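Residue numbers (the numbering used here), protein chains in the order written: chain F, 13 to 108; chain H, 151 to 361.
Treat each hint with caution, since some may be false.
In the SDA-like style, the derived pairs of lysine to any residue whose C-alpha atoms are separated by at most 25 Å in a straight line are [unchecked claim]:
hint : chain 1 : residue 1 : chain 2 : residue 2
1    : F       : Lys96     : H       : Lys187
2    : F       : Lys78     : H       : Gln207
3    : F       : Lys94     : F       : Ala60
4    : F       : Lys94     : H       : Arg167
5    : H       : Lys187    : F       : Lys94
6    : H       : Lys187    : F       : Lys40
7    : H       : Lys185    : F       : Lys96
8    : H       : Lys185    : F       : Val55
9    : H       : Lys187    : F       : Glu44
10   : H       : Lys185    : F       : Val77
11   : F       : Lys79     : H       : Gln224
12   : F       : Lys78     : H       : Lys187
13   : H       : Lys185    : F       : Gln28
14   : H       : Lys185    : F       : Glu44
15   : F       : Lys40     : H       : Lys185
16   : F       : Lys96     : H       : Val203
17   : H       : Lys282    : F       : Leu64
Label-pair restraints from in silico Cβ distances [what the hints assert, rightly or not]:
hint : chain 1 : residue 1 : chain 2 : residue 2 : range
18   : H       : Ala255    : F       : Glu20     : 53 to 63 Å
19   : H       : Pro299    : F       : Pro30     : 48 to 58 Å
20   : H       : Leu220    : F       : Glu20     : 38 to 48 Å
21   : H       : Val260    : F       : Glu44     : 26 to 36 Å
22   : H       : Tyr221    : F       : Gln69     : 55 to 65 Å
23   : H       : Thr298    : F       : Glu44     : 38 to 48 Å
Treat the hints as calculated values from the structure; they're not laboratory data.
Remember, it's a predicted structure, so these values are computed and weren't measured experimentally.
Yeah, the Cβ is synthetic: ideal placement off N, Cα and C, and Gly gets one too.
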Amino acid sequence: MSSDEIWELRLYTAGQTPKSLAALANLKRLCEENLKGKYRIEVIDLMANPRLAKEHQIVAIPTLVKKLPSPLRQIIGDLSDKEKALVGLQITPAHR
Amino acid sequence: MNMETTPPALSEADQLRQAIAHGEVDAFLVGRDDKEKRVLLLAGAYQRYRQLVEQMQQGAVTCSVHGDILYANQRFAQLIGVPLSQLYAAPLDGYVSVPDRARLASFLLVSARLSAIELSFSRRDGMQLPAKLELVSFADGYATILVTPLGQQQWASVAEDSLNLMRTALEGLNRASIADGPAKRSVELLAREINSLSRLVDEIRHSRPQG
């Protein structure tokens with residue numbers, strides 16, 4: 013991928029449950045630390061509209077979908093395991 | 151982290167199993183098809199809302215249109231002086247003063263249109279508790295109601311309304327020209343009681359508000 017490519021991330025949540033809020037907070041932190049200025053986060057509240065889960069066959073919530081850069085990847089959970097989230101998203105950490 | 155050494159992605163099923171086992175999810179999307187799809191929350195997701203409802207200073211009750219209590223918070227149990235465990239599936243009107251029961255039934259039946267009523271609960275200790283009932287939501291045949299005890303001033307207003315009704319009734323009796331006998335004495339007694347209650351209400355109105 014080019015270094016200028018924008019990461020398009022979609023987070024599926026269930027209203028304001030603790031795990032949904034934790035996932036959003038963890039995702040924002042992870043993006044700021046590793047993809048600063050190169051990411052877009054879209055939050056889809058399935059509590060408000062469950063049918064929006066169809067596109068990515070969501071089963072458990074929260075679930076993060078990396079739409080771009082390809083390949084499409086999904087990470088289920090609140091992203092509290094930072095290493096697992098980075099591996100799942102195929103993000104090379106900005107610094108260790 | 152070196153991406154070349156990254157292990158193959160976990161299969162979705164295994165990832166799901168791990169997320170559940172590690173407590174990283176608190177909701178699932180269930181339903182056979184798109185039309186049926188709905189979010190099912192795990193108990194932990196409700197915990198904070200539940201704490202909020204349990205700690206607030208207002209009573210909260212969810213009951214069916216027939217008045218069967220589905221849920222009540224601790225504060226409501228305290229307000230009517232009944233253990234919380236006795237309230238589940240109990241009829242709400244059993245804790246409402248007899249004259250107000252019909253109004254409660256109407257409120258529940260047309261709760262989609264009426265937003266609030268005032269009525270008296272009959273506490274277990276025999277005391278009456280005037281309260282305001284406000285409809286918070288109505289869905290699937292269940293009404294969720296907030297119960298706020300009427301303050302001293304509001305209570306005085308309720309008493310004043312009752313006194314006005316009694317005064318009107320007394321005027322009617324006086325116009326009936328009861329000449330003498332036990333009926334006249336009863337009317338005089340009633341007039342004295344009304345005056346006495348009226349002074350009491352005035353005292354309540356002019357007393358310092360209690361917190």
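Structure-based check of all given hints:
no., hint, verdict
1, F/Lys96 - H/Lys187, "violated (29 Å)"
2, F/Lys78 - H/Gln207, "violated (44 Å)"
3, F/Lys94 - F/Ala60, "violated (28 Å)"
4, F/Lys94 - H/Arg167, "holds (18 Å)"
5, H/Lys187 - F/Lys94, "violated (30 Å)"
6, H/Lys187 - F/Lys40, "violated (28 Å)"
7, H/Lys185 - F/Lys96, "violated (34 Å)"
8, H/Lys185 - F/Val55, "holds (22 Å)"
9, H/Lys187 - F/Glu44, "violated (34 Å)"
10, H/Lys185 - F/Val77, "holds (23 Å)"
11, F/Lys79 - H/Gln224, "violated (47 Å)"
12, F/Lys78 - H/Lys187, "holds (23 Å)"
13, H/Lys185 - F/Gln28, "holds (23 Å)"
14, H/Lys185 - F/Glu44, "violated (37 Å)"
15, F/Lys40 - H/Lys185, "violated (32 Å)"
16, F/Lys96 - H/Val203, "violated (36 Å)"
17, H/Lys282 - F/Leu64, "violated (40 Å)"
18, H/Ala255 - F/Glu20: 53 to 63 Å, "holds (55 Å)"
19, H/Pro299 - F/Pro30: 48 to 58 Å, "violated (32 Å)"
20, H/Leu220 - F/Glu20: 38 to 48 Å, "holds (43 Å)"
21, H/Val260 - F/Glu44: 26 to 36 Å, "violated (52 Å)"
22, H/Tyr221 - F/Gln69: 55 to 65 Å, "violated (34 Å)"
23, H/Thr298 - F/Glu44: 38 to 48 Å, "holds (44 Å)"
When the structure is compared with the earlier hints, violations turn up for hints 1, 2, 3, 5, 6, 7, 9, 11, 14, 15, 16, 17, 19, 21, 22 and for no others.
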